[in-house]
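2 protein chains.
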Amino acid sequence: MTAMIRNLGELLHSNLHRDALKIVEAGLIAADPVKAIKDKVKLVNNKLVIDGYELSIDRGVKVLGLGKASAHMALGIEEVLGDLIIDGAVIIPKGTMPPDLRRIKVLYGSHPVPDGSSLNSTKELLKLAETREEGDVFIVLISGGGSALFEEPVDPIDLNDLRKTTSLLLRSGADIKEMNTVRKHISRVKGGRLAELLYPATTVSLILSDVVGDPVEFIASGPTAPDSTTYSDAVSILRRYGIWDLVPESVREVLSRGLRGELPETPKPGSPIFKKVFNVIVASNYLSLKAMEGVARRLGYNTLIVTSMMEGEAREVGKFIAGIIRNIKAYDEPVKRPAVLLMGGETTVTVRGSGVGGRNQELALSVAISIAGLDGVVFASIGSDGIDGVSDAAGAIVDGSTVIKGKDLGLNPFEALANNDSHNYLKKLKSVIYTGPTGTNVNDLSLAIVI
Amino acid sequence: MTAMIRNLGELLHSNLHRDALKIVEAGLIAADPVKAIKDKVKLVNNKLVIDGYELSIDRGVKVLGLGKASAHMALGIEEVLGDLIIDGAVIIPKGTMPPDLRRIKVLYGSHPVPDGSSLNSTKELLKLAETREEGDVFIVLISGGGSALFEEPVDPIDLNDLRKTTSLLLRSGADIKEMNTVRKHISRVKGGRLAELLYPATTVSLILSDVVGDPVEFIASGPTAPDSTTYSDAVSILRRYGIWDLVPESVREVLSRGLRGELPETPKPGSPIFKKVFNVIVASNYLSLKAMEGVARRLGYNTLIVTSMMEGEAREVGKFIAGIIRNIKAYDEPVKRPAVLLMGGETTVTVRGSGVGGRNQELALSVAISIAGLDGVVFASIGSDGIDGVSDAAGAIVDGSTVIKGKDLGLNPFEALANNDSHNYLKKLKSVIYTGPTGTNVNDLSLAIVI
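Chain order of the listed sequences is A and B. The numbering used here puts the first residue of the first sequence at 1, with every later residue one more than the last. The numbering used here puts the first residue of the second sequence at 1, with every later residue one more than the last.
Hints were generated in silico from the structure; no laboratory data involved. Be careful, since some hints might not be right.
All copies of an identical chain are treated as equivalent in the list; a pair is satisfied when it fits inside any one copy or across any two copies.
Only pairs whose alpha carbons sit at most 27 Å apart, straight line, appear in this in silico BS3-like list of lysine-lysine [what the hints assert, rightly or not]:
#1 Lys-177 <-> Lys-329
#2 Lys-430 <-> Lys-164
#3 Lys-405 <-> Lys-177
#4 Lys-405 <-> Lys-164
#5 Lys-336 <-> Lys-40
#6 Lys-290 <-> Lys-22
#7 Lys-47 <-> Lys-275
#8 Lys-268 <-> Lys-35
#9 Lys-329 <-> Lys-290
#10 Lys-94 <-> Lys-105
#11 Lys-290 <-> Lys-336
Note that the coordinates shown come from a computational prediction; the quantities given were computed from them, not determined experimentally.
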């Protein structure tokens, strides 16, 4: 894999910047779908080897995929398994460019609200699933966006009902887990139902996680994962967000019948079908942070992974991170200098202004304000998908001089933050990182170097 | 020192709670002014011993003190030095109750805006200072609130001008460092000027820090510390906050004359007078965190001090801390379970509602929301002064069941947060910690236990 940061040259303000950007790239590379698959899945003596476990694949494998990264994951699996792949198809969003695949077909759907193409592509994937026989091995490639790309609603919910329900959920304020709890209970493929369909074949799901904390049952609504949620949870969520009366009658009917036990529940943890299912995370925020940690250590830094589950308003999280940086400067705690602090997850930006920015750039600007004047500190943050908020940048890299140089240019960092205009502020200071879309998403990756 | 938490009985929901509250108390005890002085200052063969340094005090010592904790610090120094104290006086806020002192006189001033009593008491302290001769040893006891209690403005600034300037600064949005930069340049006693007055006697300042990061030059406006700020900085700050034209003419005159070099600058780092000055932090947020760490280790926990310089909006900081807790649960990082995370500093609460609460209770409620349902986690946070915001509580202790129990009582944690009503919410769940005023202030102390 070549360097992923497009404007590396203009960002190398110091050796610390060079190190920080190397570490950032290590995080992006670890999240690359092709590399993630090839690192995790090996072919040894015609056996599939994952994390030391071996699986005989004498009869070949069939590949199903769903999600924004599934075509690139398919390329990775083709590179590992080659002609052992006897059939396969993946569903990616319309308008995205897949790599050239030799054996696995590329289908298209719509995201974040499913459309007819999502449903048609799902039917095609299910046809392939229905060929399953005892002794078969199915590899399922799962990544973010899969919930909308891969769907077949329970009768009598039709496409319009599904679209309306999805739109209501997206606008409701429900978080991804809550949304997917509802989705799992109006679907014939989510919440472990795909695993049910594939039984008694063996299912190996390779998962690229875009949900903070990597809960496999919520990533792409967990088509091959045991479902810990219930019809009752789904109804509670619709009521809690005040949309129970707004969703289509067909949705209320399905959930009500489910509640009354007239429809089967999704397969639960402990269900025997999961004895033949292996859900394996191949890329995640934490795995990217571990890769970044490895590079940081090789560069001679002491490292600390603070969290892979960072949440909170970006500008406030920035102040907290600056407080950790200052503590390291004063006391060599929580990690001794030269230190690299690693953080991942997904902060929030409450948009109040009309500027251009994103979570990572706003976080970086907030840190820059709080470390102004400090020597020997660099902070960088990047969206692993390469797109930070409404800007065309991936993230930003700042240091103790950023805000001071900004003042020299007549720029006010507080105004930029207040106007959600971090991008325009940081761009003028050559602090914005560009990668273009990376074809992956393991949320945001942040680090601070403190010497 | 006896247990400081008054309602310990009702808070012991589990063994983890017991441990957490023991650790909290260790932080409060370390910040206790009497204990802090006695732990730091020893009398060995009639020599004053501090951190291994020895100072001969054959001629006795004189004690000056300023700040909310200075009378209790005086009690500590009386207990160590006894009759070796030949004279002394401290200034505390009117309305606070001093301990019985044998040799050191208690004077009163006004806080946060100085009044005539502040100026009169300062004159009395300065009379004592003016007795200094080469070979004398002065012990200066410094704590928060000293800026308003100890003041003599530069001519021709009078009391009214001083009060007006202080009020303008307090309302301006300037932070404590910015406020004290201005104060230092209109004062005859701040910004190292007391050290100047005491020269060539030896000055030992014992400092209880209430400023995040413990910058001695800003604690009580640093009367015995080298001043890194200038007249020019003071003018910039008044202009930045739009109050240059609002402060009294006398203040503008003093600062303008200073700018033109017609008035001497405060003593700067490197000034020879500081060869005879020792500024020693005896209590601080970091020292309290270290004491808490010691107790946590004795209780069998792995520990990590995340920061002693915590800043940011309490409800957002809570989400970030919960992200660290969740990461420990998932990966045993940044510290292996059973783990104690320690954090200190001062978060912010932007008041939007009309409820009752404070920084620590709002932080605890935010953490409680984000850890709801998690087993084996307890989080506690307390204001070391014993008064959290507009409530009569010191802080709160929560766990993964707090919000769930709240729901059973029909309480909505999100509404409580939105209405800044954390106190009333947490009180109903027996999660509020009461200590009463502690007579000290090293900012806020927080910890999470994760098993």
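- Message: Checking an output row: Lys-94 and Lys-105, CA cutoff 27 Å. Within, between, both or neither?
- Response: within (14 Å within a copy, 81 Å between copies)
- Query: Is it within, between, both or neither when you check Lys-430 against Lys-164 at 27 Å Cα-Cα?
  - Reply: Cα proximity of Lys-430 and Lys-164: none, with 43 Å in one copy and 44 Å across.
- Intra- versus inter-subunit Cα pairing at 27 Å for Lys-47 with Lys-275: Within one copy, since 19 Å is at most 27 Å while 75 Å is not.
- Query: How would you label the pair Lys-405, Lys-177 (within, between, both, or neither) given a Cα cut-off of 27 Å?
  - Reply: between (42 Å within a copy, 22 Å between copies)
- Quick one: Lys-336 to Lys-40, C-alpha cut-off 27 Å, is that within a copy, between copies, both, or neither? Close across copies (26 Å), not inside one copy (32 Å); limit 27 Å.
- Message: Within a copy, between copies, both or neither: which one fits Lys-405 and Lys-164 at a CA-CA cutoff of 27 Å?
- Response: neither (49 Å within a copy, 35 Å between copies)
- Task: Evaluate Lys-329 and Lys-290 at a C-alpha cut-off of 27 Å and name the case that applies: within, between, both or neither.
- Result: both (24 Å within a copy, 17 Å between copies)
- Item | Intra- versus inter-subunit Cα pairing at 27 Å for Lys-290 with Lys-336 | both (18 Å within a copy, 16 Å between copies)
- Up to 27 Å CA-CA - Lys-35 versus Lys-268, copy category: neither (32 Å within a copy, 57 Å between copies)
- Item | Within, between, both or neither: Lys-177, Lys-329 at alpha-carbon 27 Å | Answer is between: at 19 Å across copies they meet the 27 Å cutoff, but 38 Å inside does not.
- Message: Cα distance capped at 27 Å. Does Lys-290 pair with Lys-22 within a copy, between copies, both, or neither?
- Response: Result: close within a single copy only, 14 Å intra versus 35 Å inter.
Hint compliance for this structure: hints 2, 4 and 8 are broken, all remaining hints hold.
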